[in-house]
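Chains as they are written, first to last, in our numbering: chain Z, 13 to 348; chain R, 13 to 348.
Treat the hints with care, as some may be off.
[Said to hold, decoys possible] Residues from chain Z that face chain R, not an exhaustive set, calculated with beta carbons under 10 Å:
#1 Leu-124
#2 Met-125
#3 Gly-128
#4 Ser-130
#5 Val-141
#6 Phe-142
#7 Ala-146
#8 Val-267
#9 Val-343
#10 Leu-346
[Unchecked claim] Derived pair list, reagent style DMTMM-like, types lysine to aspartate or glutamate, alpha-carbon separation capped at 25 Å:
#11 R:Lys-263 <-> Z:Asp-144
#12 Z:Lys-263 <-> R:Asp-192
#13 Z:Lys-263 <-> R:Asp-309
#14 R:Lys-263 <-> Z:Asp-192
#15 R:Lys-263 <-> Z:Glu-139
#16 Z:Lys-19 <-> R:Asp-161
#17 Z:Lys-196 <-> R:Asp-309
#18 R:Lys-196 <-> Z:Asp-53
#19 Z:Lys-196 <-> R:Glu-139
#20 R:Lys-285 <-> R:Asp-309
#21 R:Lys-196 <-> R:Glu-105
#22 R:Lys-19 <-> Z:Asp-192
Simulated from the structure, these hints should not be mistaken for lab results.
What you are looking at is a predicted structure, and each value in this text was computed from that prediction instead of being measured.
We treat Cβ as the ideally placed atom computed from N, Cα and C, and that holds for glycine.
There are 2 protein chains.
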Amino acid sequence: MKLATYKDGSRDGQLVVVSRDLSTAHYATGVAARMQQALDDWGFISPQLQDLYETLNGGKARHAFPFDPKQCMAPLPRAYQWADGSAYINHVELVRLARNSEVPANYYTEPLMYQGGSDDLLGPCDEAVFGDEAWGIDFEAEVAVVTGDVPMGCTPEQALDGVRLLMLANDWSLRNLIPDELAKNFGFVQSKPATAFSPVAVTTDECAGAWVGGKLGLTVQSQWNGRTVGMCDAGQEMTFHFGQLIAHLCKTRNVRAGSIVGSGTVSNRAVEKDGRKDWVRGYSCIAEKRAIETILDGKPATGYMKFGDTIRIEAKGRDGQSVFGAIEQTVSSLRT
Amino acid sequence: MKLATYKDGSRDGQLVVVSRDLSTAHYATGVAARMQQALDDWGFISPQLQDLYETLNGGKARHAFPFDPKQCMAPLPRAYQWADGSAYINHVELVRLARNSEVPANYYTEPLMYQGGSDDLLGPCDEAVFGDEAWGIDFEAEVAVVTGDVPMGCTPEQALDGVRLLMLANDWSLRNLIPDELAKNFGFVQSKPATAFSPVAVTTDECAGAWVGGKLGLTVQSQWNGRTVGMCDAGQEMTFHFGQLIAHLCKTRNVRAGSIVGSGTVSNRAVEKDGRKDWVRGYSCIAEKRAIETILDGKPATGYMKFGDTIRIEAKGRDGQSVFGAIEQTVSSLRT
Numbered sequence: 013m014k015l016a017t018y019k020d021g022s023r024d025g026q027l028v029v030v031s032r033d034l035s036t037a038h039y040a041t042g043v044a045a046r047m048q049q050a051l052d053d054w055g056f057i058s059p060q061l062q063d064l065y066e067t068l069n070g071g072k073a074r075h076a077f078p079f080d081p082k083q084c085m086a087p088l089p090r091a092y093q094w095a096d097g098s099a100y101i102n103h104v105e106l107v108r109l110a111r112n113s114e115v116p117a118n119y120y121t122e123p124l125m126y127q128g129g130s131d132d133l134l135g136p137c138d139e140a141v142f143g144d145e146a147w148g149i150d151f152e153a154e155v156a157v158v159t160g161d162v163p164m165g166c167t168p169e170q171a172l173d174g175v176r177l178l179m180l181a182n183d184w185s186l187r188n189l190i191p192d193e194l195a196k197n198f199g200f201v202q203s204k205p206a207t208a209f210s211p212v213a214v215t216t217d218e219c220a221g222a223w224v225g226g227k228l229g230l231t232v233q234s235q236w237n238g239r240t241v242g243m244c245d246a247g248q249e250m251t252f253h254f255g256q257l258i259a260h261l262c263k264t265r266n267v268r269a270g271s272i273v274g275s276g277t278v279s280n281r282a283v284e285k286d287g288r289k290d291w292v293r294g295y296s297c298i299a300e301k302r303a304i305e306t307i308l309d310g311k312p313a314t315g316y317m318k319f320g321d322t323i324r325i326e327a328k329g330r331d332g333q334s335v336f337g338a339i340e341q342t343v344s345s346l347r348t
Numbered sequence: 013m014k015l016a017t018y019k020d021g022s023r024d025g026q027l028v029v030v031s032r033d034l035s036t037a038h039y040a041t042g043v044a045a046r047m048q049q050a051l052d053d054w055g056f057i058s059p060q061l062q063d064l065y066e067t068l069n070g071g072k073a074r075h076a077f078p079f080d081p082k083q084c085m086a087p088l089p090r091a092y093q094w095a096d097g098s099a100y101i102n103h104v105e106l107v108r109l110a111r112n113s114e115v116p117a118n119y120y121t122e123p124l125m126y127q128g129g130s131d132d133l134l135g136p137c138d139e140a141v142f143g144d145e146a147w148g149i150d151f152e153a154e155v156a157v158v159t160g161d162v163p164m165g166c167t168p169e170q171a172l173d174g175v176r177l178l179m180l181a182n183d184w185s186l187r188n189l190i191p192d193e194l195a196k197n198f199g200f201v202q203s204k205p206a207t208a209f210s211p212v213a214v215t216t217d218e219c220a221g222a223w224v225g226g227k228l229g230l231t232v233q234s235q236w237n238g239r240t241v242g243m244c245d246a247g248q249e250m251t252f253h254f255g256q257l258i259a260h261l262c263k264t265r266n267v268r269a270g271s272i273v274g275s276g277t278v279s280n281r282a283v284e285k286d287g288r289k290d291w292v293r294g295y296s297c298i299a300e301k302r303a304i305e306t307i308l309d310g311k312p313a314t315g316y317m318k319f320g321d322t323i324r325i326e327a328k329g330r331d332g333q334s335v336f337g338a339i340e341q342t343v344s345s346l347r348t
């Protein structure tokens with residue numbers, strides 16, 4: 013099924029069930045008012061949401077209304093956890109190659125992951141507000157999962173059973189703040205501002221055929237100012253599947269219902285063409301494009317985003333239909 | 013006023029108001045069922061809680077009962093944000109000195125801060141469960157604040173107005189997992205497991221005289237296996253006050269109600285005695301004791317915690333009374 017959270021002026025919004033084709037929606041009020049409530053008691057609540065979903069898809073839901081992504085908050089407008097992996101090692105390799113540094117050996121055996129802020133997540137069409145263009149504003153197109161309760165010390169296979177929902181994420185990054193922050197050795201705080209999520213979160217059965225072994229084998233499309241810059245396959249080249257990412261997080265603590273775990277920037281390897289590398293799939297963040305430019309030409313040519321720029325991130329199913337709806341954001345300036 | 017969250021089998025527990033002397037409590041059910049609910053609507057709800065608090069202190073609350081810290085969850089059993097500073101530069105200096113590395117200059121001008129997990133916070137008397145003693149189990153006694161809504165780009169002074177509640181924290185750390193994790197450059201995930209908090213969270217007026225300029229001038233006492241190892245002053249030597257810590261976090265994002273911001277390990281400078289340094293205040297984490305031993309004797313002598321060890325963390329007010337109640341935890345082994 014497909015679920016979304018509609019704006020209602022409150023901090024958590026209203027849970028709605030959305031039809032498979034994203035054309036109609038229905039408030040889930042009688043079943044659960046908020047997304048977190050459904051996740052807290054998934055075994056009991058999800059079958060009731062599924063019933064409503066089937067009625068809605070059959071065109072028989074009595075109070076259905078046209079679904080409007082602009083009315084959406086993030087599926088979880090605030091979450092108790094947002095832990096973002098960097099599971100496409102190709103992304104790391106590119107960035108490292110561009111600065112002539114090797115990828116540490118353990119990057120291939122253990123996931124990279126950072127803890128993000130989750131008190132103020134952005135809806136799919138919310139403006140992305142930043143204080144300064146000079147911070148190096150960049151999008152990052154990712155796949156993310158929402159978990160149920162996953163106990164400390166579980167295996168990747170057990171962790172995979174804890175996946176409740178799939179979404180897309182735009183993990184906004186402030187590239188020029190990253191070097192100083194990482195030099196301080198405590199991870200990202202200022203350089204990873206509020207993350208945005210797709211209009212709907214879907215159960216894994218909505219991606220049947222594409223959701224295999226904890227990886228989502230769909231193409232994540234990124235359009236920057238209307239131009240397609242990325243058509244990256246989220247499946248095959250994911251170095252660590254979501255079960256591995258969640259298990260990494262669970263090694264020393266319980267992960268509780270409603271935790272969001274991200275894949276990191278979706279990234280695909282170059283193909284060789286006439287002895288030259290060609291990144292035919294494009295890119296899911298500008299930093300990667302700049303790394304490619306540096307590798308090829310010695311320096312980056314593409315600048316980061318400017319106020320007024322737009323980004324659109326979407327993934328289509330094998331039937332050609334949008335699975336999650338599109339993240340469509342405009343970069344704008346903080347007026348203080 | 014003083015607030016706590018009582019266990020009731022649910023994920024968020026029940027909000028209770030606790031008397032100033034921590035002897036009695038009263039469910040706040042008629043006002044707000046959960047702590048987060050009070051924080052979400054603080055302007056409206058806090059005066060009603062204050063009324064109940066005054067009635068309780070006057071011995072006139074009709075359904076008061078004896079307060080039992082063992083029934084407490086963390087004041088916020090799960091939170092939308094837990095960002096922990098490292099605001100006592102003396103702690104950083106000691107650790108660096110022990111390994112012969114300099115403190116980077118910007119550590120004195122910009123707070124160090126890491127984003128922690130907040131989906132599964134521990135109550136004051138909850139067992140601290142770990143998979144392996146070899147991970148280097150360590151406590152960290154800290155002061156923490158709970159915020160209201162604080163907007164992006166605010167000043168430290170504005171941020172200070174956003175402080176709603178004060179607590180103590182035990183920021184459990186797995187020292188032997190830290191080097192590998194920090195070498196990966198993405199901050200802490202596995203090496204910072206679930207954090208524990210004091211039985212009660214208090215408004216700043218409960219610390220009148222001690223809460224000055226965003227610092228809490230009280231002594232934080234740490235007892236390890238019943239022996240007092242730290243009597244550290246949390247006030248004067250805090251390099252960055254809580255307004256500065258929150259403003260650091262707010263530079264690129266909004267901070268929303270119910271965010272927890274920590275001070276980092278409370279730490280005091282040595283005094284010189286006969287030409288030799290003496291850390292008369294003791295320590296608020298074992299790593300610091302080991303750093304001191306390394307500076308004095310070339311190597312650490314104190315081991316980390318073992319299964320069965322206990323830690324007690326408390327702060328007394330200027331009247332000698334416990335302000336927050338005590339964190340009292342036992343280290344125990346994960347049985348898988």
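Between the alpha carbons of Z:Lys-263 and R:Asp-309, is the straight-line distance 25 Å or under?
Distance of about 35 Å is beyond 25 Å: violated.
Under the criterion that the straight-line Cα-Cα distance not exceed 25 Å, is the pair R:Lys-263, Z:Glu-139 satisfied?
Holds, at roughly 17 Å.
For R:Lys-263 and Z:Asp-144, compute the direct alpha-carbon distance and say whether it is at most 25 Å.
holds, 11 Å
Grab the minimum C-beta distance from Z:Val-343 to chain R and call the hint holds if it beats 10 Å, violated otherwise.
It is violated, given that the least Cβ distance between Z:Val-343 and chain R is near 13 Å, above 10 Å.
Is R:Lys-196 close enough to R:Glu-105, meaning Cα to Cα at most 25 Å?
Since the Cα atoms of R:Lys-196 and R:Glu-105 sit roughly 22 Å apart, the hinted pair holds (cutoff 25 Å).
Are Z:Val-267 and chain R close enough, Cβ to Cβ, to be under 10 Å, as the hint says?
Check passed: Cβ of Z:Val-267 comes within 7 Å of chain R, closer than 10 Å.
Straight-line alpha-carbon gap Z:Lys-263 to R:Asp-192, limit 25 Å:
holds, 14 Å
Is the shortest C-beta separation between Z:Leu-346 and chain R less than 10 Å?
holds, 6 Å
With 10 Å as the cut and Cβ atoms as the points, is Z:Leu-124 at the interface with chain R?
holds, 5 Å
Cut-off 10 Å, beta-carbon criterion: hint that Z:Met-125 touches chain R
This interface hint holds because 5 Å falls under the 10 Å limit.
Decide if the proposed pair is consistent with the structure: R:Lys-263 and Z:Asp-192, CA atoms, cutoff 25 Å inclusive.
The hint holds at about 14 Å.
Using the nearest Cβ pair, does Z:Phe-142 come within less than 10 Å of chain R?
holds, 7 Å
When the structure is compared with the earlier hints, violations turn up for hints 7, 9, 13, 17, 18, 19 and 22 and for no others.
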